[in-house]
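Chemist: Here is how the chains run, residue by residue.
Number of protein chains: 2
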Amino acid sequence: MRTLTRTLAAALPILDWGRRYDRQTLVQDGVAAAIVTLMLIPQSLAYATLAGLPPEVGLYASIAPLLLYALFGTSRVLAVGPVAVVSLMTATAIGSLAATGTAHYAVLALTLAFLSGLILLAMGLLRLGFLANFLSHPVMSGFISASALLITAAQLKTLLGLPVPGRDFTDIVWGMAQQLPQLHGLTALLGGATLAFLLWARRGLRPLLLRAGLPHGLADALARAGPVAGIAATAWLAWQFDLQAQGLKLVGPVPQGLPPLTWPSWDLALWQALALPALLISVVGFVESVSVGQTLAAKRRQRIEPDRELVALGASNLGAAFSGGFPVTGGFARSVVNFDAGAQTPAAGAFTAVGIGLAALLLTPVLRFVPQATLAATIVVAVLALVDLSMFRRTWAYSKADFAALLATFVGTLGWGVEAGLGAGVLLSLAMFLRRTSRPHIAEVGRVPGTESFRNVLRHAVESDPALLSLRVDESLYFANARALEDRVNAEMAARPLLRHVVLQCSAINDIDTSALESLEAIDSRLREAGVLLHLSEVKGPVMDRLQGTGFLAQLRGQVFLTHFQAVQALAPGQPALGGAG
Amino acid sequence: MRTLTRTLAAALPILDWGRRYDRQTLVQDGVAAAIVTLMLIPQSLAYATLAGLPPEVGLYASIAPLLLYALFGTSRVLAVGPVAVVSLMTATAIGSLAATGTAHYAVLALTLAFLSGLILLAMGLLRLGFLANFLSHPVMSGFISASALLITAAQLKTLLGLPVPGRDFTDIVWGMAQQLPQLHGLTALLGGATLAFLLWARRGLRPLLLRAGLPHGLADALARAGPVAGIAATAWLAWQFDLQAQGLKLVGPVPQGLPPLTWPSWDLALWQALALPALLISVVGFVESVSVGQTLAAKRRQRIEPDRELVALGASNLGAAFSGGFPVTGGFARSVVNFDAGAQTPAAGAFTAVGIGLAALLLTPVLRFVPQATLAATIVVAVLALVDLSMFRRTWAYSKADFAALLATFVGTLGWGVEAGLGAGVLLSLAMFLRRTSRPHIAEVGRVPGTESFRNVLRHAVESDPALLSLRVDESLYFANARALEDRVNAEMAARPLLRHVVLQCSAINDIDTSALESLEAIDSRLREAGVLLHLSEVKGPVMDRLQGTGFLAQLRGQVFLTHFQAVQALAPGQPALGGAG
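Sequence lines, in order, name chains A and B.
Okay, so the first sequence: first residue is 0 according to numbering that gives the first Met the number 0, each after it adds one.
Okay, so the second sequence: first residue is 0 according to numbering that gives the first Met the number 0, each after it adds one.
Hint data in this document are derived by calculation from the structure and do not stem from the laboratory.
No experiment lies behind these values; they were computed from the predicted model shown.
Take these hints with a grain of salt, some might be off.
Copies of one chain are not kept apart here, so a pair can be met inside one copy or by any two copies together.
Claimed, not checked - Derived pair list, reagent style EDC-like, types lysine to aspartate or glutamate, alpha-carbon separation capped at 16 Å:
1. K156 <-> D21
2. K298 <-> E528
3. K248 <-> E520
4. K298 <-> E491
5. K298 <-> D486
6. K539 <-> D473
7. K399 <-> D15
8. K399 <-> D510
9. K298 <-> E520
10. K156 <-> D167
11. K156 <-> E443
12. K539 <-> D510
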C-alpha cells in the first residue's frame, strides 16, 4: 500500500504538495492567481489571434491545460498557456493548409495540439528529453529573436490598419513600406496610442502608483493589469463612439461560456502533414518551458524534473486539443509574475484557470468591442522583450562557430520561416560540433628527463626516440574523430622510416565506439604490414572491459601497458629496464 | 619560381612522381594496368546495366575519370570507375525521373555525375571532408550490405530470366517466388553455370593454373580474367548457336568508338531534384574510396590526403559527365588488384584508361553477343563479397547503440531505399551520440585524507564537507550536455540545505561552447540567489583565455583556483590555510 502511494506520489506531484496545503498557502496562491489572470486574459486573446484563431480560443487554451499542468507538473510556479512563439509556429504550420477563420482551421489547431501532446507524452515516457539538447542556446536565441521580429512585423500591419497580405517577413515589411500612405488614420492613432501606453506602463506605471501612495502589492498588481486597462479603455471608446462605423476593426462577437468539448481530426494524411511542425512545436515549447521552470525553481532551492515536465506539458496539450484550444507551453513572463506574486504551489495555476473560466463566462459580451489594433499592440509589447540583440555581440566575441549557428537560425527563420530556420540552426550546430571534435587534440609526447611523466614534445624539452612514437589523444574516440586518428598515424608512419613502435596513451579516452574500434583495427593492421607494432597504455578500466571481448585485442600484436612509462621502458632499444642511452 | 613549382606540385601530385618515372616503374605499372583492364571491362559493362544504362557507358566512365584521377589523385594505386553501390544509387536516383533506355535517362546520369563532381570539388576546396564523418562505420557497413542484397535480388531476376517489375527488395523477392515456375530455362541454365564458374574461379582457378605449371604472375593475371573468360565463352555460345532466337536476352548492338563529348542538363529544377542523391553519392563514394586508399597507401608507408582526394574524385566525376559516363568512385576490389599486381604510380590508372579505350574501339562488335545473364552473374559475384553479416554480430557484442544504427540503416535501405536507409542511420547515430554525451560523467569528489588529491566519493573513502560541494565533470561542456550539468547542480542544491560553496573541478574540460557558458551563468546566478557561491578550479589555459573576456567571469562572485586543493583549503570553514578539523 505504501509502495502504491509512493508510486502515485512520484507520478502525481499534487499528492505531495496537496497533503501539506494550508490556509496561508491558499491565500498566497489565490493572490498570485488573480494577478496572473489579469495578465493572461489579454495575452490569451491576443495570442489566439496571432495563431489565426478566434480570440475565445485563447481563453479556452488557458483553462484545461492549466488544470492538467497543476496535476502533473513538477514546477511549483510555471504558468502554462498560449505563448507568442508557439502561436506563430501554429499559424505557420496550418496557415498553408486551411483559410483563417474556417472551421477546418480550428480543427487543424486542435490536431496540432493533440499531436504535440502525444509527442511530448511519448518523449517523457521514453525519457527522450535529451533530444531537446539538439536546440543549442544560440539556435534557440536566434530563433526566438527572429520569431519576435516576424510577429512584430505581422502585428504592425494590424496596428496601422494596412491590408498587407502574406506571412513572409520581407513581403510584409516591403508591403507596409509601399502601402504606408494608405494607412487607416483612426486605427493607427488608436493602435499607436495603446502601444505607447503599454510601453510606458511596463516601466512607468508602478513607480507612479507607488508615489500615489498605493501599497507595494497593489501597485504591482495594478501595473501588471496595464494591458487590461488598455483593452478596457479602447473597447469603451469603440463602443461609446461607434468607431467600427469609421473603419476601426473590432474583435467582433465572441461566444459566451465555458470551453466546448472538441475532437481533433483522425485523418492520418493530415497527421503526417502536421507531424514535423508538431515535433518542432513540442521541442521549442519544452525548451522554453524547462528553462523558465529551472530558473524559478532554483531560486527557492526546488527542482523540476525534465522528463516529467514532458509528461505534464503533453497532458496540457492533450487537454487543449479536447477543449477547443491550440498548442500551449509554459510562458516566461507570466511564470515570473506568478513567482513574484508569491505563488507557492501549482494550485495557483488551477485558480488562474478558474479566473479565466469566469472571464469566458462573464466578460465575453464586452470583448466584441475590443479593437484588433489593441490586441496587436499587446502582442508587440510582449514579444519585443524577447528580441535579444546583445546575444549576437556576445556570441560573436566568444565563438565564431556558435555565431554562425545563431545567424543561420535568425536569417533562416526571417527569410524562409520557422522550420527552415530551426533546421538550418540545428544542422549547422551539429556540423560545427562534428568539425570541432573531428580534429581532436593529438599530442606527440616525450619523457620529461629524470621523471616518469610524459609531456607534449612541442611545448616541453623532453626525450624521444625515432623508433618509438608516443601519441596522446585528448578526446574520446568516436565516429567523427576516428578517421583523424587514422590520418595522423598514417602521416607519422609515412614520415618516420625508422619507426618500430607506436604507443597510444589512452588516459583521456572515456569511450571507444564501433567506428573507432574499427579504426584502431585498421591502424593496427596497417602498422603491422609496415613492420610497426601498435601498443596501448593507461587504458581506463571501463574502456578496457569493453575491449576485452573484441577481435581488436585478440589480433593486437603489441601490448597493453598499465603506465606509459612502463611502455617506453619495455620498448626502448638498449634500455631494457633501467635508464641509459636512448 | 621554386615556390610556383612547389605549389603546382602540391596541387598536381603527377609533378612529383612523374619526375622520377623510370623504365622499371613503367613495366610494373603496365603489367598492373593490363590485369586491371581485364577485370574492369566486364565490371564496367555490368555496372552500367546495373545503373540502367547501355553497357558502353560503363566503358566511357572508365576512361576520362581514370585519366583525371591520375592527374589529381594522391593515392598511388586507387582504381577509379563505376562501382556497384554508386551504380545502384544512380539507378535509384534517376529511375523515378525517366524511363530506362531513353536519351533523357542518359542525360540524367550525366547530370548526376556533374553535380556529384561539383559537390566533391566544393567539399575538397572548402576542406569539408570531415562531413564524411557523419557516416559512421556501422552505418556504412549496414548500407553496403543492404545495397549488395538489393543488387543481388535485382540481378537474380535477370539471371533467371524472370520479368519481375519494380526495384523494391520485398517486391522483387516476392515476385520471383511467385514467378519461379515461369523461369526461362536456357537463361537460368546459362546464368547459373556462369555464376557457378565465377564463384569457383574466385578461389579455385589460381591453384589449378599453378598446378598446371604456370608462373605465379601469369596465374594471377589469368585468374583475375575469370569474368572475361565467362563473358567470352557465353558470348561465343550465344553467337554460335543463335541462342537469342531461343529467348536468351543479349546485350545487343553496342556503338563502336571512343567516348563522345556530352553535356549535362542545365535545368535548375532538375539540379534541385538531383541535389540530395548527388550529395549522398558523393559522400558514400568518398568514404568508400578514402578507406580503400588509406589501407593500400599505408601498406607501403605512403599516405593519401582526404581533402585532395575530394578534388580528384570531383574532377573524375566532372570528366565522366562530359564524356558520356555516370557517377564513379574508387573501387575496392580493383584497387586491391592494382596494388597486388604491382602498380607503382597513378600512371597505371592512365594505362588502364588506354586499355579500356582500346576495348571501346575494338571489342564492341563482339559485345553484342554477351548474354545479359552473364553480366548479372558477374555483378552478383562481385557484390556478394560486400555483404558483411559478421559485422552485425560484432557490433551487437560491442555496442547496442551502434548496432541500432547499423540495423536501422540496413532495414531502412532494404525496405525504403538508399536515401531513407542512410538518413535513418545518420540521424540515429547522431541521436545516440548526443544521448551518450548528454549525460556526462559528473563525479562528486572528496579529499583523500592526508593528500592533496581528490577522488570520486562513491569509490573512495574521502573527506567532504556539507557546506562545500566539489564536482568534477569528465567531458568538455557543449550544448548537448550543458543542461545535464544544470540539472545536477539544481538537484544537489535542492538536496543540501547547508550548502554554501560549489566548486567545479575543470581539469577534464577541453572546451566550453556558448550554450555551456550560458548554462554556467545560469548556474552561477541561481546558486547566488540561493546564497551559494560558485567557484572553478583547475581550468585549462586555453579555456581560461576564452573565459577572460566574458560576462560570466565578470559576474562570478566566487573565485577561480589554480588547484582544487587550494579551493578546498580556502573555502573550508575553520580551516583557514593549514589543515585541521573539517
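Chemist: To test your reading of the hints: which numbers does this structure violate?
Modeler: 1, 3, 7 and 11
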